[in-house]
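Visitor: In case you want the letters, here they are:
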Amino acid sequence: MTVEQQLRKLAGKSGITRRGFMQSALALGATTALATTIADRAFAEPKMGGRFRCGLGHGATSDSLDPATFLDLYMQTVNAAARNNLTEIAQDGSLIPELAESIDTADAKTWKFTLRQGVEFHNGKTLDANDVIASLNHHRGEASKSAAKELLKPVVEMKADGANAVVFTLEDGNADFPVVLSDYHMPIMPADGDGVDWQSGAGTGGYVLESFEPGVRTTLKRNPNFFKEGFGHFDEVEVITIADVAARTNALTTGEIDAMDRVDLKTAHLLAQREGINIVETSGTQHFTFTMRCDTPPFDNVDVRLALKHAIDREAIVRTILRGHGTLGNDHPISRSNRYHADNLEQRAYDPDKARHHLKQAGMEGLSIDLSAADAAFAGAVDAAVLYKEHAAAAGININVVREPDDGYWSNVWMVKPYCAVYWGGRPTEDWMFSTAYAADAAWNDSFWKHDHFNELLLAARSELDEAKRRSMYEEMQAIVSNDGGVLIPMFANYVMALSDKIGHGQMAANWSMDGFKCSERWWFA
Amino acid sequence: MASGESTRGERAPLLTMTGLRIEGQADEEWHEIVHGIDVVLHRGEVLGLIGESGAGKSTIGLAAMGYARPGCRLTGGDIVFDGIELRAASRGRQRLLRGARIAYVAQSAAAAFNPAHRLIDQFSEAPVHHRVKSRSAAEADARDLYGRLRLPEPETIGYRYPHQVSGGQLQRAMVAMAMACRPDLIVFDEPTTALDVTTQIEVLAAIKDVVRQFDTAAIYISHDLAVVAQMADRIMVLRHGNLVEEGTADSIVNRPEQDYTQRLLAVRTFRKPAAEPSAEEPLLRIEGISARYRRSARVLESIDLDIGRQRTVAIVGESGSGKSTLARVVTGLLPPEEGRLVFDGAVLAPALARRPRESLRRVQMIHQMPDTALNPRQRMREVVGRPLTFYSGLRGRKRTERVRELLQMVELEPDAFIDRYPGELSGGQKQRMCIARALAAEPDLIICDEVTSALDQLVAERVLQLLQRLQDDLGVSYMFITHDFATVRAISDEIVVMFQGRIVEQGARNEVLEPPHHAYTDLLLSSVPEMKIGWLDRTLARRGQGPGSDKEGPDRSAPPG
Amino acid sequence: MTHILIMVAQRLALGLLTLFAVSLIIFLGVELLPGDITQAILGQGATPETVAAFRRELKLDLPPHERYIAWLGGIVQGDLGQSLANKREITELMGVRLQNTLFLAFIAAVISIPLALGLGILAALYRNSLYDRAVNVFTLSSISFPEFFVAYILILVFAVHLGWFPSISNIGHELGFWERVYRTIMPALTLTLVVVAHMMRMTRAAIINLLASPYIEMATLKGLPRSRIIVRHALPNALAPIINVVVINLAYLIVGVVIVEVVFVYPGLGQLLIDAVRTRDIPVVQATGLVFAAAYILLNLSADVLSIMTNPRLLHPR
Amino acid sequence: MRDALSLLRKSPWSARFGLFIVFAYVFMAVFGPLLTPYGESEIVGFEYEPWGPEFLLGTDNLGRDMLTRLIYGARNTIGIAFITTVLAFLIGCVAGFLAAVLGGWTEQAISRFNDILMAIPQLIFALLILTIVGTSVPVLVVVIAVLDSTRVYRLARAVAMNIVVMDYVEVARLRGEGLWWIMRSEVLPNALPPLVAEFGLRFCFVFLLLSALSFLGLGIQPPTADWGSMVRDNATLITFGDFTPILPAASIALLTIGVNFIVDWLLHKTSGLKDG
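Residue numbers (my numbering), protein chains in the order written: chain A, 1 to 526; chain B, 1001 to 1561; chain C, 2001 to 2318; chain D, 3001 to 3276.
Just chain A, same shape as in the assembly (with noise of 0.2 Å):
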């Protein structure tokens, strides 16, 4: 139950993925992208009109307009139809400007973004720096109970350069500091005396808010002063919840909706065979983890966690728990899609030998532990676990896997208990994935891993100007994480999403499900 929002809001956290995203502010737009469309649709033109139904099967009646308080990809997909950020993840995966006009920095530390001049709210206001800064502020400061607030920390200070402009003071050189800012939890509302309208649903979007019933579905309908071109097709949209999947999945094959998120892997197969129906599959950051406690034996001993990393068939985990609709895991958290990702590196295979010669290394024959998972760690977990017990036997390790409770998963045992099933959105760039989990003084450093050596890279290369001394930065630590640390990365799991082949669209953003959840703004009825 609230799990699963715990889980969520997890993820939250993490904010978007991002295909090569360039240290330099100067460089904005001009990334390497890989090619994470699966369904290449032919791209035809955009037509304007329709009334596009979106079933998501996230989204409950304690929704709320607050952004602080967004939870799941249901408010993050209205939210992005009727608002902006500063900046946005492009479809290709590049950052680019969105409310901002340009963005200005000179040592990484002040930011200078200035405003798209003559965007109106849709209540008719014109957007200032003043908007800017109470949308932002309304994470900030001892009261604010946002999902943001730690984000926006390293903001020292924040000001109005006239009326156009907002300059940003880090307590650190951050170049990442664009890429923050295009986090869904912080869309630019208008002003509204000390705070900020957040209530009427009011933005800058490509579409006006019309109704919102929390848990049951939101209309909205097109704003005819949008401020980007060739986007925001549709007339109306409406967004859906429909928690299941079966549901979801006749909803579409009825035509009742136009295109849902998280299909039913055991059934996108059959589902792809039927007339009008696309299965549509971008691969992100999001993937899975077995996470030991390195603080507590048998997990601080190096051979036992590498017996464990040997004793798991990836191939076989992806290939059931995901149906193939995902990447093996190297036990590191950088995906394929991250622009420092090793791809040197060997992938680690299934070897129960090796795993054995481990244990004897560490005098663990017979090792026999508890492993803790619950389907709210992620879907299938528990099946995934038990998959791997029957791996690791193998290996002559016994795995007990242990059950547990849904609810309280995220209090109870992640981070509690010594050997656990946990799920990560993944991070957009490599420095913020490490900072968050992996650094010794992480408030998530969930495996309670300390490797001096990595936390100087850590530091290091955050600061590091020089393409190719980070990359190699970058690449050793994912290396020693994948070689000492006490997480088992088995799986990177991929969006899939359905779609009727009614809707158009274009390069399928792969930061997040249903086109980096802009959906609304981006396709069309072909």
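Honestly, I wouldn't trust all of these hints.
[Claimed, not checked] Below, computed lysine-lysine pairings styled on DSSO-like, alpha-carbon distance capped at 30 Å:
{"#": "1", "chain 1": "A", "residue 1": "Lys109", "chain 2": "A", "residue 2": "Lys469"}
{"#": "2", "chain 1": "A", "residue 1": "Lys125", "chain 2": "C", "residue 2": "Lys2059"}
{"#": "3", "chain 1": "A", "residue 1": "Lys159", "chain 2": "A", "residue 2": "Lys112"}
{"#": "4", "chain 1": "A", "residue 1": "Lys389", "chain 2": "A", "residue 2": "Lys266"}
{"#": "5", "chain 1": "A", "residue 1": "Lys469", "chain 2": "A", "residue 2": "Lys228"}
{"#": "6", "chain 1": "A", "residue 1": "Lys228", "chain 2": "A", "residue 2": "Lys47"}
{"#": "7", "chain 1": "A", "residue 1": "Lys450", "chain 2": "A", "residue 2": "Lys153"}
{"#": "8", "chain 1": "C", "residue 1": "Lys2087", "chain 2": "A", "residue 2": "Lys502"}
{"#": "9", "chain 1": "C", "residue 1": "Lys2059", "chain 2": "A", "residue 2": "Lys153"}
{"#": "10", "chain 1": "A", "residue 1": "Lys469", "chain 2": "A", "residue 2": "Lys502"}
{"#": "11", "chain 1": "A", "residue 1": "Lys221", "chain 2": "C", "residue 2": "Lys2059"}
{"#": "12", "chain 1": "B", "residue 1": "Lys1208", "chain 2": "B", "residue 2": "Lys1133"}
No wet-lab data here; the hints were simulated from the structure.
Since chain A is already given, all that's left is putting chains B, C and D on it; use the hints.
Guide: Then chains B, C and D, alone, in the frame of chain A:
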């Protein structure tokens, strides 16, 4: 339907049943319960069917309507009513006759009236349905018949619901309902069995009156020969689905040929020899007892009475007189409001829960309905053995031995009965078991609450004899509650007559039964049907009232005299 | 009549008392839930200070009994309070959902009750006939399948293959009455299949039970046709048990339809309740639970009153 | 024993069919491990293999043998439903008999408390408790049993009310028998027939409730095989006309129908009403 009138005088019988065979279902198997009975009934004639339970008399009565109860089926013989063969007739044809030309009066009017509808609606139903009368004509007729049957407020009583009318009145209302279509034949199925004697006489009078007035043929079913003798022209004595004897009422009552009939007539000739009043301290002394049930009016008012050792005190009264309540007070089930009980010199705690086990042991009770007094899921071994364990701690072989002794004492063969369930016993055997259970406690006093009223008369008599023998052998005292004067005559040493929660008369048996009586006692005594032809007519004539009256029994507000 | 009014008043008072006890139990239950709304909303990223600030803001720092009394005070004044999760007025939040739930229950009841009573009476009338056995087996089967299974099969047949009805009941307030009915048919049909069997069997049993009564035999011996005996003599006396079973099923239609809501994406109260429990949104859980309990109590009360009304012994005392 | 046999000979076809079904299921449940070719959660092949000689009913989403899962499902689901129903009857009957035998305030107190429990929607109740305590088999059993016992209580009390007015209970009271004896020896044996019939029905309801809870993700947890979650796991397949999810659902239905046939027969036998 005045066909009865117009065809009177013809000799063709109204109803003939020849070789009637009926089967009943038990344990999902069919057994024959009526073995080829012939019945002939002429117009205007009243035929009495008499027999003990299981004789098949009700089944035969219903067969006269071409009807078999669920679980019964007509398997053989012909039933010809006024030229119509009923067994072969279609359901529709049967329906045309039922209610219109043949009517039925059930044993319990309280159960046979639909509680959801007013009396007059139920009266009108048949005539309107059979298109004999219009609705308004039917209602007018109902008011007329209610008047003839001496029901109080005949104009309005029909607009009441069944539960708003007393039992005797309901029974008369049902007779009226049966008459609604002026049928040629009415089947009376024990119409007075559930009534008090004083009420019974009223209903009997009413029935006799209307049957005479409309010259209706009738089949009158009863287990009480004295009653049938008053009503019937001709009587058939039945036993186990066979005819024992048939004849005019006079010949059956006065010149019975068969042994069974003679035994039926001779029933309750048993008399306990008169005992000397003893001077010693009574076993139980009831002193000034008053009692009421929660929130209701008082049901007992200052009762004083003594029960001596090895004596039988009969408490007589009609339903509602408080005699059963008195038993509840004595047993402690109903703590009295006032007064006290002194048992063997010591005061008894008012409430059951406060009485020590020993004093519970010394007072035992035998209930009216042996069917409900025995746990159907316990074998006799357990039923009789439990008090032995409970009071005396007997177990195992000793207990079994004692159970066998007790069974022998109540004249039941131990080997045959010790492992039976109540369902495998007859009514009389069940009551004997209850007696054995009471004896197991080796009590000093046994309260017998209408112990014979649910039994067939012959069986009842043997049970009374058993009780008497046990008293002689064991020296127990009986507090004997009954509404039946025949029983009172048979077994009592002393008689207490109760009316509306008070004692109206008490004394030694002969004193109370011999005139002069207290007025109420007189009414009760004179209402008990006697085995004499014409008793009913004479009694009614003596009371100076026509058949039926607008009251039921005496004025209920105060005891007469 | 006064004694009936007194009886009704007594039941009403008892109902209110029950409601109070229910609210207390639900409140305590929610109190015992691990975690609270601040954690549910703030997630792992919450620092102790933000949690404390949030709790102060939501008045969760007050002791439970004070919160309960404040909440009770609000209820008495007709104020259900605000959702902790999104600050919406609960009356408004629940209003639409309650309407939807009642609408679905209404449609299902309109289909199922006459159907069940009709089938039941016919089955009693033609007891042990082929019809009786067929209806019996059919209704037994329909209760034997899990609800969600029935729902999926209906979707497969009527939505996917035949395309007669939508597979999800995407209803909104802007829809016209018949459009709403059209979109509600599928869940209503599912519920109908689930409840009809129970009601029909009880109707049949209640009537057959009475067929052994002497007054039914009496009616037979008056030469009345079977149909009249059933309708006029058995049915009025069988009303009390029938009303009871109808009420139980009505209560089920209101309270127990979560699975149907999930499968057909029907925005009813059940879903609201589950969401609220997930987020520990105590006032919403309380309010919804109370509405459910009130519905149950009210329905039972009306069953009692109706039973009194159909019982001549109580309606016309001596 | 002879009685039972002769009873059986006279039973209608529907009851025999029901008995056959129930015995077959019980047999399967008891001897499951001996009958199945594979282990309960053993992965023996690829996912969704078709029906064939190796896997008679194919394999499920993880490549486990469907037949094996079905048989183990019978064992788990029936076992848990049975234990739950027994517990519900234990609670409900003791409370109901107590209320009937003691009467007065005790009865009022128990009845009112029961009313309160019944007024709380089952779902909230289950949701709250399962969330507070966590979903495990013992918790599930206790929660459903308590919820269900309210219904049992109503029946048990009503039945016992009819029994405690019987003279034989009065006889026992007059003898000075204690509460326990009266409940156990006088009331219970005579309340059995309607209770047994109700047991069958309640068993079915518990069974369906369990699968409903499984469907909502609150029921018996994987990898334990149970029919409810087997249906749910594969529910989307129904849309595509696949048989797999129908098997466990049909198993549920078949057992329910079988039990109901027996119940019908028992009720018919004990109601005393003979169909003419």
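Visitor: With reference to the structure, classify each hint as holding or not holding.
Guide: Now for the hints, and whether the structure bears them out:
1. Restraint check for Lys109/A and Lys469/A: the C-alpha separation of about 21 Å stays at or below 30 Å, so the hint holds.
2. For the proposed pair Lys125/A and Lys2059/C, the alpha carbon gap of about 35 Å is over 30 Å, so the pair is violated.
3. About 10 Å separates the Cα atoms of Lys159/A and Lys112/A, which keeps this hinted pair within 30 Å; it holds.
4. Note on Lys389/A and Lys266/A: the hinted pairing holds, with a Cα-Cα distance of about 22 Å set against a maximum of 30 Å.
5. Taking the CA atoms of Lys469/A and Lys228/A, the gap is near 38 Å; set against the 30 Å cutoff, the hint is violated.
6. At roughly 15 Å between alpha-carbon atoms, Lys228/A and Lys47/A fall within 30 Å of each other, so this suggested pair holds.
7. With a C-alpha separation of about 24 Å, the suggested pairing of Lys450/A with Lys153/A holds against the 30 Å cut-off.
8. Between Lys2087/C and Lys502/A the alpha-carbon distance is near 39 Å, which puts this suggested pair outside the 30 Å criterion.
9. For the suggested pair Lys2059/C and Lys153/A, the alpha carbons sit about 27 Å apart, so the restraint of at most 30 Å is met.
10. Taking the CA atoms of Lys469/A and Lys502/A, the gap is near 47 Å; set against the 30 Å cutoff, the hint is violated.
11. A distance of roughly 38 Å separates the Cα atoms of Lys221/A and Lys2059/C; the hinted pair therefore is violated under the 30 Å criterion.
12. With a C-alpha separation of about 25 Å, the suggested pairing of Lys1208/B with Lys1133/B holds against the 30 Å cut-off.
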